[in-house]
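Colleague: Residue numbers (this note's numbering), protein chains in the order written: chain A, 1 to 199; chain B, 1 to 313; chain C, 1 to 767.
Once the Cα atoms are required to be at most 25 Å apart in a straight line, the calculated BS3-like pairs of lysine-lysine come out as:
| # | chain 1 | residue 1 | chain 2 | residue 2 |
| --- | --- | --- | --- | --- |
| 1 | A | K187 | B | K103 |
| 2 | C | K459 | B | K161 |
| 3 | C | K458 | B | K198 |
| 4 | B | K130 | C | K390 |
| 5 | A | K31 | C | K399 |
| 6 | B | K130 | B | K78 |
In silico negatives: residues of chain B with every beta carbon more than 12 Å from chain C:
| # | residue |
| --- | --- |
| 7 | N3 |
| 8 | Y39 |
| 9 | P80 |
| 10 | N101 |
| 11 | K154 |
| 12 | R270 |
| 13 | T298 |
No lab work stands behind these hints, which were simulated from the structure alone. Beta carbons: idealized from backbone N, C-alpha and C, even for Gly.
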Amino acid sequence: MTTQRITDSPIDFAEKIIEDVKNSKEEGVLKCVQCGMCTSTCPAARHSNYNPRNIIERVLEGDETILEDDNIWNCFYCYTCHSVCPVGNSVCEVNQILKQIAIENGIGYDKLYEYMGFADSYFTAAIGAIPERFFTDIDRDVPGWWDFRQNLDEIRTELELNPPLMPSDDVIDEVSRILTITGFKEKIEKIRSTEEEDK
Amino acid sequence: MKNVPTEDILLFRSCLVSVEYPGVEASTKFVFDKLGVDYEISDKQTCCTGLGHYSDVFSQIDTTAIGARNFRIARELKRPNLVMMCATCYAINKKSVKLLNKKDDLRNHINELFTENGLEHLTYEKDDLKPTENIFHVVDILYARKDEIKNHVKYDLSGYKIATHHGCHYCKVHYEDTIGGVRDPNIMDEIIAECGCKTIGWYDHKRATCGTGFRQRYSNPDLSFTATADKMNAIDDEDVDILVHLCPNCHIQFDRYQHLIAEREGRNFRAVHLNIAQFLAIAMGGDFDKVIGVKAHTVPVDSVIKDLKEIEK
Amino acid sequence: MRDDLKVGVFLCECGGNISDTIDLDRVKSELDVEFIGQFENLCSLNGRKIIRDAIFDHDLDRVVVAACSPISHEKTFQDYVKPLNPYLMDMANIREQCSWVHSDKDLATHKAISLINASIEKVKQSEAVDPIYCQTPDEVAVIGGGIAGMNAALSLAKQGTRVTLIEQSASIGGHMAKIGKVFSPVKIAEECGMCLLNPILNELVWNENITVLTNTKVIEAERRAGTYNLILEKSPRYVDTEKCISCGKCSEVCEVEVPNDWNDNLSNRKAIYRPFGQSYPEAYVIDMENCTKCSNCVKVCNMRAIKLRGKPERIPLQVGSIIVATGHKLFDMEKRPEYGYTRYDDVITQSELGRITGVNGPTKGKLLKSNGEEPKRVVMIQCVGSRDEKPDGHRYCSKICCTVALKNANIIKHKYPDTDVLICYTDVRTPGMFEKYYKHTQENEVRFLRGRPGEVVKKGDNFIVRTEDTLKGEFVEIEADMVVLSTAMEPSKGTEEIAEILNVGITEDGFIKESHPKIKPVATDVQGIFVCGTAHEPKDITDSIMQATAAASKVSEYNYGGVEIEPFIAEINTERCTVCGECIERCKYKSMSIQNDEIYIDPMSCTGCGKCLVGCRHRAITVNGNIDEKIMSTIKGVLSNKKEGQRMILVFLDNIGYTAADNIGVNRLSYPESIHIIKVISVNRVRPKHIRYALDNGADGVFIGEFPGDLMYDEVERKIQGVKNRIEELGEDPERVTFSKVYIPYFSGLARKFTEFDSKIAELDSD
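Using the sequences provided together with the hints, build the complete structure.
Modeller: So, in structure tokens, the structure goes:
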């Protein structure tokens with residue numbers, strides 16, 4: 001049995017999500033009637049223990065332990081729930097907000113370690129790229145991919161594609177300044193140092 | 001239908017197109033040139049942050065500040081119409097424009113950061129861009145010019161069994177703006193019809209995700225490939241020759257991993273994977289190496305598409 | 001001129017209620033009128049004689065009764081002043097708004113004098129006018145021949161009213177004729193719908209007061225003083241209903257087969273056909289869109305009833321009232337393609353299931369799939385298109401689908417106990433007695449799953465319904481061989497069209513809007529037009545019939561009572577009017593229209609609010625009753641005995657606000673003596689010039705109150721803001737004017753607002 005104390009205010013958690021800058025659905029989360037249409041169309045619910053309806057149920061209960069639940073990291077961000085929800089909620093967005101809250105609270109760092117390569121290439125070269133640490137896996141799973149990547153410049157030349165892939169120094173400089181002032185750089189450094197500690 | 005521009009376009013470079021399927025960019029340019037679409041590419045524009053954003057590394061503020069910089073570049077070029085080759089770039093940029101216009105606190109915060117740090121030239125004024133008037137995907141432009149398509153079609157592809165996979169981030173994120181349906185997406189089916197081809201239309205899981213799921217493909221491959229297998233099985237059940245895409249991320253998932261998933265499922269999947277621009281470029285006579293960029297494909301395009309037959313005029 | 005008028009003032013002591021607080025002797029000494037008298041209880045029967053005698057003796061032209069609120073006794077004193085015209089009397093409210101709210105005798109007496117002076121000045125501006133009596137023609141048009149329209153027509157006809165029932169299809173009967181069985185909440189059983197409908201249909205057909213016009217639509221409508229001139233268009237039937245004996249030979253020889261829409265296209269019919277077995281008129285009809293004009297039917301018809309040529313006929317119809325009963329249609333399943341309705345034959349709607357299980361349906365009542373086999377498992381999906389805010393969906397609940405699903409599930413279970421029936425629901429909405437039917441359905445072994453399915457696909461021979469079982473928290477794939485969709489009810493095309501033609505308001509969902517959802521549930525926003533059935537909102541047969549009979553009884557109120565209208569309504573000066581139409585746009589009550597190249601004002605709907613006056617560039621509109629002048633004179637009168645340093649606040653309230661203010665007195669609360677309330681027929685009639693005059697001539701503040709439910713509320717709020725801006729431009733303090741919401745029950749709040757406003761004005765004065 002759980003007791004709902006007179007001083008408990010479960011709705012505060014949902015309110016926090018509603019106020020997040022990412023939320024595009026206004027009061028949508030409050031209008032959930034637990035119909036389950038999100039789950040009915042969810043690829044992650046089909047193949048894992050992720051349950052979008054249950055995410056909202058827990059949010060409305062004010063259950064903040066959800067931030068530590070590994071299941072939330074199974075969402076595909078496919079937005080199917082967002083596109084069909086009959087009451088105008090978006091579990092997909094709520095899920096992204098939950099993860100951002102988790103990260104702000106230092107909870108989900110280990111989920112980001114693998115993606116630090118993307119952060120680095122964006123920050124230092126203004127390029128969005130698949131992190132190199134996945135290259136071994138890709139090379140194993142995708143026959144011929146490594147050779148193709150070695151020949152990329154040739155293929156691009158044959159296709160007469162320009163401008164080149166590498167941004168100029170002034171672009172890189174501007175991008176890294178932006179990512180410094182938004183707090184991105186600091187966040188990445190913090191995650192990085194936690195990763196070192198974990199090792 | 002909404003008003004889709006065919007001029008003053010900044011063709012937005014995609015990181016995945018650039019390094020995985022450069023033929024998509026070449027084909028888009030080839031088709032746009034044929035259809036008389038006015039566009040330019042900028043070397044100043046940077047990646048939308050997509051993979052970083054959806055692996056939760058980039059916060060909304062990081063992404064939107066990068067977006068504001070790209071929007072400024074488009075306006076300086078007097079090309080305020082951003083047209084994306086990638087569904088994720090489309091969804092991310094549209095969301096950033098919406099947020100910058102609607103959420104005053106966010107816009108003011110980002111503008112303050114810019115001005116306080118010598119980047120005032122990047123500030124974004126409310127309604128500098130409009131989400132429904134300036135932010136498009138290549139398919140929107142193709143759809144707007146679809147009556148033109150048949151005038152340029154050279155080869156008859158109607159003998160192939162064709163199905164479409166509409167990227168989630170084109171259809172579902174900003175569903176109010178999607179042309180051709182969300183629950184049974186058909187924009188590409190309608191464009192393909194202009195080449196004289198009839199797609200198979202609906203199939204099981206037609207509107208489902210490709211299975212990439214951003215982090216799922218790399219960190220959770222079992223889950224990712226199981227979801228993809230749903231769709232690959234359904235496509236193979238329908239005996240499809242060509243699956244047409246509109247997003248390089250889906251394209252990777254199907255083309256690069258078809259072999260692996262076939263092994264997992266114990267089946268032999270045979271469909272080839274083309275972006276809608278590549279499909280049109282082939283129909284319009286684009287060279288396989290110089291325009292379509294088939295060398296970048298893992299499932300050989302010519303394993304299915306060979307002996308092109310000229311259309312009878 | 002008007003100053004020469006002889007005014008008599010009658011002061012009522014109200015058995016001490018007034019005279020204990022107000023010094024009536026001082027009142028008498030300070031008034032300057034022809035006659036003044038003081039009486040203990042003026043409303044008692046001998047008051048009539050006192051007043052009448054004084055009118056004769058002193059040759060009075062005008063009367064002021066200083067007593068209680070006009071809301072209590074205006075009608076009484078209008079009667080007591082006979083033979084004077086009732087509108088030449090005015091009441092000064094010195095009880096509810098003076099003696100009951102103030103305790104300082106000196107101040108209360110002074111205020112009473114101000115209020116009486118206001119009435120004296122006002123009544124001098126009054127003219128003898130007569131109320132307008134409107135007798136509308138008692139013929140009625142009922143539009144739509146479904147269960148609602150039929151019942152409305154029948155009810156009126158039985159009360160002796162002539163009714164024309166207009167139906168656009170070839171037969172009356174509507175949806176009820178085809179739904180097969182209906183569910184009875186009392187018997188907890190299903191009954192034959194046609195057997196219930198048929199007696200009503202027969203009664204209607206034989207009633208001499210009813211003319212039924214089928215294949216007929218309203219194409220034009222014009223309104224004049226409660227009379228509607230309708231133009232109907234009757235499409236040719238190509239079969240003479242007088243001659244046709246419904247032998248059916250024509251249909252046998254017809255070579256054209258087309259889907260039968262009455263069977264939801266589940267079977268075919270011929271191009272010459274009878275809509276259904278009990279259709280009325282009892283005659284065949286030709287569907288000319290599909291007819292090849294082979295003439296086979298003409299040749300076999302012994303009655304010579306068939307003519308292959310015909311033209312639409314225009315019929316003028318003049319009626320006093322209209323009942324709109326144009327019904328609903330069902331949600332278009334192309335909007336939710338994920339359920340596969342357009343792809344698979346055995347994904348059907350509840351309506352189609354009704355046809356399939358109906359003994360007069362395509363399978364003669366046998367539940368069969370398209371391949372002729374009985375289904376092993378039927379899955380029903382609720383809320384398809386209802387409770388769905390996504391594009392093309394409806395946010396509302398369609399109300400009947402839960403019960404419809406239960407009914408059809410039971411019908412299946414009765415005949416095919418081995419067929420598994422599973423209803424996927426979000427909430428089972430079975431209020432009242434319907435809950436017992438829900439339990440009955442569970443006893444019949446119908447199964448329920450709480451979850452809203454995402455899609456239906458076909459795998460091999462079976463369908464797969466993908467859903468979450470939300471009570472288990474588990475994603476499930478359910479195999480089924482028949483899927484039934486409970487589709488939303490939405491306004492029919494006829495409902496959309498008639499709203500446009502009659503210019504009646506619609507809701508955001510496209511249904512005909514009632515003029516007030518609580519207290520006027522069958523009236524529309526146009527006088528004399530009523531609504532019933534599903535044209536109004538989703539509802540079941542019982543509710544449709546109840547609303548139909550309610551609409552009929554509202555029509556009878558008009559027909560038997562006539563309508564007496566206060567004469568203070570707008571009038572057009574045709575010499576000045578250029579028929580620009582501005583006033584038509586401005587009128588919130590839809591009173592104005594162009595008829596015979598002139599602006600016509602419908603006296604039944606005009607409220608005299610005066611909104612049209614302001615927009616008229618040619619000053620071609622006046623509102624009867626000198627209202628402008630009366631307000632101005634009232635202001636003059638109330639300010640006429642202002643003392644040096646006395647604070648005067650004028651409060652303008654319409655009937656609702658005035659009642660709230662009376663309630664302050666009735667409940668013996670108080671507010672400052674500076675508050676002087678002036679009753680107006682609409683606060684919109686208080687014009688900027690009035691407010692400026694008041695402020696320039698001694699008023700320290702102006703308070704305007706309006707009930708937010710009033711149609712004119714937004715308008716007035718905007719106007720007051722404009723006045724405040726203007727006052728500011730003139731260098732005055734705009735805070736001296738205030739606009740406030742008023743509600744009858746919230747009188748204590750109004751008293752508080754008066755007090756606060758008084759303090760604020762006091763502050764401004766002291767600055």
